[in-house]
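Colleague: First to last, the sequence lines map onto chains Y and V.
Residue numbers for the first sequence follow my numbering, so the first one is 9 and each next one is one higher.
Residue numbers for the second sequence follow my numbering, so the first one is 38 and each next one is one higher.
Keep in mind that the hints were calculated from the coordinates and are not lab data.
By construction, the Cβ of each residue, glycine as well, lies at the ideal position given by its N, Cα and C atoms.
Hints should not be assumed to be uniformly reliable.
Which chain V residues stay away from chain Y? Per the calculated CB distances, all over 12 Å, these [said to hold, decoys possible]: (1) Leu53; (2) Ile85; (3) Ile108; (4) Asp151; (5) Glu154; (6) Arg159; (7) Asn164; (8) Leu189; (9) Ser194; (10) Asp229; (11) Leu231; (12) Glu262; (13) Leu267; (14) Arg279; (15) Tyr288.
The calculated label-pair distances, taken between Cβ atoms and stated as ranges, are [to be verified]: (16) V:Lys236 / Y:Asp262: 27 to 33 Å; (17) Y:Glu253 / V:Met253: 33 to 39 Å; (18) Y:Arg105 / V:Asp42: 35 to 41 Å; (19) Y:His80 / V:Asn285: 18 to 24 Å; (20) V:Val272 / Y:Asn91: 29 to 35 Å; (21) V:Lys236 / Y:Cys85: 34 to 40 Å; (22) V:Asn285 / Y:Asp193: 46 to 52 Å; (23) Y:Asn91 / V:Thr221: 21 to 27 Å; (24) V:Phe69 / Y:Ser282: 39 to 45 Å.
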Amino acid sequence: MKFNSLFLKANNELEGSPRNTRKVTCKKCNTANAVSKIRKNYFVCPECGAYFSVRARRRILMLTDKRSFIEHDAGLCSRNILNFPEYDKKLSDAMERSRENEGVICGVGEIGKIKVCIFAMDSYFMMGSMGAIVGEKITRLFEFATKKSLPVIGVTVSGGARMQEGMISLMQMSKVSAAVKKHSDAGNLYINLLTNPTTGGVMASFAMLSDITLAEPGARLGFAGPRVVEKTLNAPLPKNFQRAERVLECGFVDKIVPRNVQKETIEKILRIHS
Amino acid sequence: MKDYDIVLNARRDDRLTAGDYIKGVVSNFIEFHGDRLYGDDKAVIGGIGYVGNTPVTVIGIEKGKDVNDRIYHNFGSANPEGYRKALRLMKQAEKFHRPVLCFVDTAGAFCGVDAEERGQGRAIAHNLYEMSTLKTPILSMLIGEGGSGGALALCHSDVIWMKHDAYFCVVSPESCANILWKNTKKADEAADALALTAKKLYERGLIDKICEDIPMKKLATQIEEQLIKLNKIPVGKLTDERYAKFRNIGYDY
């Protein structure tokens, strides 16, 4: 992390000081609304209901009880293992842009006073791509949860495996999946919330391995990128393709949960399992 | 040979396919079909037979030989049913205490509307998940192309062998060059950077053995020796070691 970034708040236009009176324009309906108003509305446009993307830390705040979250492995940073061209710069840019060390935040917290392990991915860090450290952090969280018999709550957003780390990042899929299996075999609960977009190697591993799979309305959820599919198909894609609503119809999502009821829904599920 | 030449060479259509390896290595092979859920994917072939005197379950991703055969096998790009068929056969192998042998050769899992809607992501994820604790040895051998998640779905194994002229990669060098530099012509640069050759993967401990061009009989002997060795390990220890093998990837590099 760069020195000065320690003193700065995240630079998402919706983050920063709570007294922020700035306005933000919704990309869908072009209406400008005060940041405070959008925040109170769970980062959903008050005019058209479009979903703004939510940073990982904010997600955790939105889902856990006040002041209950304790972060794990916050200091783990990626290195350019393969000496991949431009990766060093990409990493430092991502750190500066996101004010985070990596694309996932993990830790323990409470939801309705029930202790849980929770991880949230951050689309502001190289599109939430999974490299060795993202894989390592999530694996450690599952191992911790297995040891302590705690449920895991996940919030995924990712473009897939991080190509700058080559096969090491691809094999994180195997590593995390194996840790999820151990956690599950020990009788523990794993709830995952799929958010826009969850694709590629993350979709083809831990995002699809939860006991209970929730999704945000309208989220793009799939394995292959839509452009790649369109190219193979040689025709326009069907409407709603890879959208959460369609993925639910296809049988891969348990429930679509709007933002304002996500915490209470997860809490209800946890309570039934506790 | 440059790394990108290895990729191009691995895609050559006169290479030996999974079917050739099964014919050469497995005797008394009986092919089985279907995933018991939806259909029978022709890109994945599987069944039972012997390697030497050891009964095995063998699974391969088949690209096909001539044009019609390639179309029949969907050019070696599996749909979710293919991965589910593979998993069904592996579970059967677990039940009857047979080791599993996989020959992997695919440019990647099939990208299509149907494949997506039948859960390509879930199918691959579920294979990794179940293979991680499968109570029987698994040996995977990359014989040509190892295209991303579609290849990985058959590689959560106790040992991963790789032909010296095969490649295994997170993304095709062309897509990588396109994403990074908006220029597919820089694929050779991307191929170098991605460290996708058997030699580079072996150096990083991501694969266990590089296989040279040897007669099928000799390969069969080597495979049988390896399977016998794995068969002797108590099942609990075997799955623990499998967990540790993947657990160590990526942090203490």
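Colleague: For every hint, state whether the structure bears it out.
Modeller: Checked hints:
1. For Leu53 of chain V, the condition that its CB be more than 12 Å from all CB atoms of chain Y holds, with the nearest at approximately 23 Å.
2. Ile85 of chain V, annotated as away from the interface, keeps every beta carbon of chain Y farther than 12 Å; the closest lies near 25 Å.
3. Against the 12 Å criterion, Ile108 of chain V stays outside the reach of chain Y, whose nearest CB is about 14 Å from its own CB.
4. A Cβ of chain Y approaches the Cβ of Asp151 of chain V within 12 Å, the least distance being about 10 Å, so the stated non-interface status is violated.
5. Not every C-beta of chain Y lies more than 12 Å from that of Glu154 of chain V, the closest at about 5 Å, which undercuts listing it as non-interface.
6. At the 12 Å boundary, the C-beta of Arg159 of chain V falls inside the reach of chain Y, the nearest C-beta of that chain being 4 Å off.
7. The Cβ of Asn164 of chain V does not lie farther than 12 Å from every Cβ of chain Y; its closest approach is about 9 Å, which violates its non-interface assignment.
8. With a closest Cβ-Cβ approach of about 6 Å to chain Y, Leu189 of chain V is found to fall inside the 12 Å limit, against its non-interface label.
9. Some Cβ of chain Y comes within 12 Å of the Cβ of Ser194 of chain V; the nearest lies about 10 Å off, and the non-interface call is violated.
10. Once the 12 Å rule is applied to beta carbons, Asp229 of chain V is inconsistent with being away from chain Y; the minimum gap is 9 Å.
11. Taking the minimum C-beta to C-beta distance to chain Y, about 5 Å, the non-interface status of Leu231 of chain V is violated against the 12 Å cut.
12. Remark: the non-interface label on Glu262 of chain V is consistent with the geometry, its nearest Cβ contact in chain Y lying 25 Å away (cut-off 12 Å).
13. With 12 Å as the threshold on Cβ separation, the claim that Leu267 of chain V sits away from chain Y holds: the shortest Cβ distance comes to roughly 18 Å.
14. A beta-carbon of chain Y is positioned within 12 Å of the beta-carbon of Arg279 of chain V; the least distance is around 8 Å.
15. Not every Cβ of chain Y is farther than 12 Å from the Cβ of Tyr288 of chain V; the closest lies at roughly 5 Å, contradicting the non-interface assignment.
16. Checked against the given bound of 27 to 33 Å, the beta carbons of Lys236 of chain V and Asp262 of chain Y, roughly 45 Å apart, lie outside it.
17. Here the CB-CB span from Glu253 of chain Y to Met253 of chain V is close to 51 Å, at odds with the stated 33 to 39 Å.
18. Distance hint check: the CB atoms of Arg105 of chain Y and Asp42 of chain V are about 37 Å apart, consistent with the given range 35 to 41 Å.
19. For the hinted restraint 18 to 24 Å between His80 of chain Y and Asn285 of chain V, the CB-CB distance of approximately 19 Å keeps it satisfied.
20. In this structure the supplied range 29 to 35 Å is violated for Val272 of chain V paired with Asn91 of chain Y, their Cβ-Cβ distance being about 40 Å.
21. Distance hint for Lys236 of chain V and Cys85 of chain Y: a CB-CB separation of about 29 Å, inconsistent with the stated range 34 to 40 Å.
22. The given range of 46 to 52 Å is broken by Asn285 of chain V and Asp193 of chain Y, whose C-beta atoms sit roughly 20 Å from each other.
23. A C-beta distance of roughly 22 Å is found between Asn91 of chain Y and Thr221 of chain V, which places it inside the suggested range of 21 to 27 Å.
24. Roughly 44 Å separates the CB atoms of Phe69 of chain V and Ser282 of chain Y, a value that falls within the hinted 39 to 45 Å.
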